[in-house]
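Starting from the given sequences, assemble the full structure and let the hints guide the process.
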Amino acid sequence: RLIQMSLPNISRVPASRLLRSVRDLRWLLRSIAPLAVPRRALTQMGYRRPGQPREDKPPWWRVKFDLSKGLKGMKRHFQLLKEEFFAEFVGPMGKPIIEHMLEQNQVVWEFRGPHSLQEWTISCDREIGGKSEIYLKIGKNNETCLLYGTLCSDPPKDGETRYSGYCTMRAKQPLASFDRKKYHDWSSFNTLHLRIRGDGRPWMINIIAETYYTHQKDDMYSYFLYTRGGPYWQDVKIPFSKFFLAHRGRVQDDQHRLWLDKINAIGFTLGDKADGPFQLEIDFIGVCKDYAHTEDFAYEKYKRNPEV
Amino acid sequence: MKCSRCLLQLVRSGRTVGQRGSLLLSPSSGQLIVQHNQQQQFRCSPASGKSQPEPVRFVNDDDTKKTKSLVTQEDLFEQVAKESRTKATFNQVIDVFTKRDIRRRGHVEFIYAALKKMPEFGVERDLTVYNKLLDVFPKEVFVPRNFIQRMFNHYPRQQECGVQVLEQMESYGIMPNIETKVLLVQIFGEKSHPIRKYQRIMYWFPRFKHTNPFPIPQPLPEDPVDLAVLSLTRIANDLDAKTTVYQLPFTDITESGEEISFPYIVGIQSPNQMELLAKHNPNRPVFVEGPFPLWLKKTCVCYYILRADPTPPEEKEEEVYDPERCFYYPLQLDLDLDRDLGDEENFDVDDLDEGPVFAMCMTSQGDQATLNQWISGLQQNNPILGRIPTLFRLDAGTRELEGVADTEAGHSHRPRPQSQREDGPPAEGPEAAVEEEEKPRRSQGMKQ
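Those protein sequences? They're chains P and R, same order as listed. Note that my numbering has the first sequence beginning at 1, numbered continuously upward. Note that my numbering has the second sequence beginning at 1001, numbered continuously upward.
Among these hints, one or two may not hold up.
Only part of the chain R face toward chain P is listed, based on derived beta-carbon distances under 7 Å [unchecked claim]:
1) Asn1212
2) Thr1233
3) Leu1239
4) Ser1261
5) Leu1294
6) Leu1296
7) Gly1342
8) Glu1344
9) Asp1348
10) Val1349
11) Val1357
These aren't lab readings, by the way, just hints derived from the structure by calculation. We put the beta carbon where it would ideally sit given N, CA and C, even for glycine.
This is the structure we're talking about:
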């Protein structure tokens, strides 16, 4: 049976890089770093490495039922509920309405203290058996975050995986009280603004938007992040019209604009096939409105080459 | 698409002529290419790709039945001696295969084996080799002839193989050309998966070729001094910055007969940085820090910086604008206007103050002696360096970051006791000892 023939992954000529590392890679991210960065909920299915037998346990088997944890959770959820309730009196989403309507720039993620690391998850190809490593920590002065590690593109020897070597960092889905999904609403902005300091490696920024069908679960809107390297900070501004649609790392034929009203998460991936240590420092991630940018979408939406 | 069909006619006729021609010719290297003769009953062993010409060995049917060893398509490549794995030998192996059997039996496995062996022969970035490999497919056999064949994924294994060839090309970033397209159309027809993949490559590759705002020249300069100049201009972030080569690499023979090799030292400093250094308070020390990694495609180079801690708020002085500097417009306006929320252009984050960077340098050996030399070289343009104490904060041990393969998991970074600076990522290395070599050095302009 033929593999799905979706669009090829982008490997641009200066430094070719692979998004997908395994033929059937599922982008379920789990952190493996020290305690600062938390793990994902245990109930979700992890990636099953080829050769491992399937687990026949029922899904509730892995949930830990613990009274003290439950009580603490209840307390936290009710606290959040109370905060949300009173935030509505201030304005939509807790901000005064004049701010919500008129603001030009919004800082979405900034790293001021170890608590901000709780919003992020990191992962690398160690999950599929590779040899890369990735760690995330807060820089000195609690001012920035440092994502560092080693990339190794030796594929794991399980007979199925052909490519390997990726490291990612992904923001967690913001959750309201009782673990309801909360979305980022960036509909009044049109540019992503990052302040980073890299080491010259090319990264990929992925934005995960909320979708309706389960088939769209691994849909990501991606674009490249080129770092200059050096001791100076780099301001990167990427308009949202430049993000192209990819599914499981394969660029799709039917492209459409990224819809900004329900954004789940943002992620950074490193997959250039240069083995060695890497690091990326991020100061903050914000969105802004660039009035000079009027482009709606950078790629053709119509059916290209239909007749061949 | 008329043009491709015309090309098809031309190329097809050209190709058949070429094939017939090559069958008659023998290669000039003197090796024997055995032609498969269908009427003969003996199976001939391929004698190709070897560096020395070997006499042809005829293998009897009885012999092979007795030994019963499994011969894979990779064996053709394995037979080539390790020293002589070049593009020419690779092409010869492909030629052996194509001439062995008019029906090209086992071509799918052969192409997969060839794709796997390409990096060993060093031809993975060569488009002509990929075209030659696509040429191994028999032409027009896999082209669907009616709608049922088109519907049902005609010859799926071969289509998958074609797609894998294109995928390897894509992963190495090689753009296919019109010959690839014509080959694919000849082999698979126009509505096939390899053609679709080719179209996708041709759509996306040109779009993403020039997206890098900091392009790296390809190929990178071989000379380490040139590479250092290139990387320093890249990280300087200032077009006015000037690079100076303080020392070129050379080897010196001392009296005892030993050879000492001196490394190259290339430094960069911009006028802004010189100004900042001139304004620096001589009582506060400056630090030489390093090595920090910089990646240019697949090579990692290290650079060192000269920086100082940010001035504490009590020592900060307001920059007074000289009104006579510019007569066209006032440089400073004392207006009482406030910007509306709708016009606010800055982000609501605290500005990071990490201290000024005064200069950067690159050298192959990052020990204190070499960096001292750099500082003395800098001193010629910045005399204030003679009065400022210089501290060296070099990671003990590693100078080249590529050599390090193990970073301890979950290492704890000891905060530097000296200052609360937060600059520069901690360089990868034996992290357990992030040592600071604090040797206050009053540079008197002497070289060590």
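Taking the hints in turn, this is what the structure says about them:
Interface restraint check for Asn1212 (chain R): the shortest CB-CB distance to chain P comes to about 5 Å, inside 7 Å, so the restraint holds. Hint status for Thr1233 (chain R) relative to chain P: violated, with the closest Cβ pair at about 10 Å, above 7 Å. The criterion of a C-beta within 7 Å of any C-beta in chain P is not met by Leu1239 (chain R), whose closest approach is roughly 14 Å, and the hint is violated. Because the smallest distance between the Cβ of Ser1261 (chain R) and any Cβ of chain P comes to about 25 Å, over 7 Å, the interface hint for this residue is violated.
Restraint check, Leu1294 (chain R) versus chain P: the minimum CB separation of about 4 Å is within 7 Å; hint holds. Checking Leu1296 (chain R) against chain P by beta carbon gives a least distance of about 6 Å; that is within 7 Å, so the hint holds. Checking Gly1342 (chain R) against chain P by beta carbon gives a least distance of about 4 Å; that is within 7 Å, so the hint holds. Against a cut-off of 7 Å between C-beta atoms, the interface hint on Glu1344 (chain R) holds, since the closest Cβ of chain P lies about 6 Å away.
Annotation: Asp1348 (chain R) was flagged as interfacial toward chain P, and the flag holds, the nearest CB pair being 6 Å apart, inside 7 Å. Checking Val1349 (chain R) against chain P: minimum C-beta separation of about 5 Å stays under 7 Å; hint holds. Interface hint at Val1357 (chain R): satisfied, since its Cβ lies 5 Å from the closest Cβ of chain P, which is below the 7 Å cut-off.
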